[in-house]
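Participant: Sequence:
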Amino acid sequence: MFILISFCTLIRKCDERKSKIDQNDNSEKKRTLFLLQCYSYITNNSLIMKTKMDIPDKEGRKRLVIVGGGFGGLKLARKLKSNKFQIVLLDKNNHHIFQPLLYQVATAGIEPSAISFPFRKIFKRRKHFHIRICEAQRVIPEDNILETSIGTLSYDYLVVSTGCRTNYFGNDGLSQQTMALKNTAEALFNRNQILESFEKAQNTSNIERRKRLMTFVIVGGGATGIELSGALAEMKKFVLPQDYPDLDINLMRIILVDGAPRLLSAFSEKSSEEVADYLLKRDVEIRTSVQVSNYENGVITFNDGNTLETMNVFWVAGVRANSIDGLAKEAYGPGNRLQVDNYNRVQGYTNIFAIGDTALMISTEYPKGHPQVVQPAIQQARNLIGNLDRVERGLEMQPFVYHNKGSMATIGRNHAVVELKKLRFGGFLAWAAWLFIHLMSIVGVKNRLFIFVDWMWSYFTYDPSLRVIIKPLRRDKP
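End of the sequence shown sits at 478 in full-length UniProt numbering; the numbers just go up one at a time, nothing left out.
There may be inaccurate statements among the hints.
Stated by the list, open to error - Using 25 angstroms as the maximum straight-line C-alpha spacing, the simulated BS3-like pairs for lysine-lysine come out as follows:
1. 422 <-> 182
2. 84 <-> 127
3. 405 <-> 368
4. 52 <-> 84
No lab work stands behind these hints, which were simulated from the structure alone.
Modelling step: build the complete structure from the supplied sequences, incorporating the hints.
Facilitator: Right, here's the structure in full:
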């Protein structure tokens, strides 16, 4: 029936276009033009090519479709246990990723499985809950239909929690040359790249090539950038002398680059100075107020005209929200974020919501929207759970109010910075607080235990044990 309706719609649209052509164009080109317009309609309105997703009947419940299993989407899916809803969670990965610790996977500090949690294991006992691994492609709001890579799905409520992707600020060619750090696959790729660079440096007799292989540039001076720089500095101090005694460790350079005047611009100046001092003492070179204009053939070019030869560039300079086709252009704001009201409803829609990094909620306190970190996503999910229940009971929704619980970032062994509302501290105590908060945020007792053991082993032995190069198997197609 669905395909039949779509086909009828196609015929009607094509007839309308043919009628316009007949009225306005009597040339012999009209047949070709007509066919091209029909083809355009088919490709831009691909319902006829889509099959309905195989999801059990709602059985009288409202269907809530959550796109994205990040921090916000996962919290919403886990805590919304009302029997009034059938929940469908869509994600292109089959697991949730604890992104704050990806840099430790990239620097061989912890196993990737310790921060990757299979959705089906998390929700294996949930009723009226369905998981589909696919990509959301287009929303058809007027019909309450979502198109995905595996078929179409109707919804009563749609929650967009698609998170962010790496922002290259218009220079998309950098995506093929540099290393990002947004998912487990990228973290593993980075780990391989780092370890392979050391191996290649060991094997080459060309001193200039060795220098290029042992030069690491991190673009982006936010939390991820300084954490990655600190981890690489620890590798230089503790790992290289043990694993590569024949290599001159003084050839290894770590350069941290940021376009802002100081590192950790979201933190206080005191924290920025503390972080910079710590990194400088560990031979990390810091270049602020500098932007990357190009990176090609092993040469990185800065906007001040300076260049640097390196085979390793990490790009953690910023993010841009992921989007779904079909929503009005007016719904999007700066950074490709969806503009939402105080109830997280997307501008112009009553049953489509956005939470987390992809949501732009402007207020007096946050004129540019909430920071794109974990806490706003989790708090918005909690508020939306209550509001969905209120809507179903015919009650008014409660506006979202963000409670900033503070920020923290670790630089390396025994040192971090923590900023709360009225308290700022650094050093070992901040590092211990960072460890505890992140450990307790991990999904599952077993994963917490594994990470704790890895941390303790590395702390007491100065020898992280996960320096393994694992390349994906590639087979030629028959």
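Participant: State for each hint whether it applies.
Facilitator: Checked hints:
1. 422 <-> 182: violated, 31 angstroms
2. 84 <-> 127: With Cα atoms ~12 angstroms apart, residue 84 and residue 127 stay inside 25 angstroms; holds.
3. 405 <-> 368: holds, 19 angstroms
4. 52 <-> 84: Holds. Residue 52 to residue 84 sits at ~23 angstroms (cutoff 25 angstroms).
Violation of the numbered hints given earlier is confined to hint 1; every other hint is satisfied by the structure.
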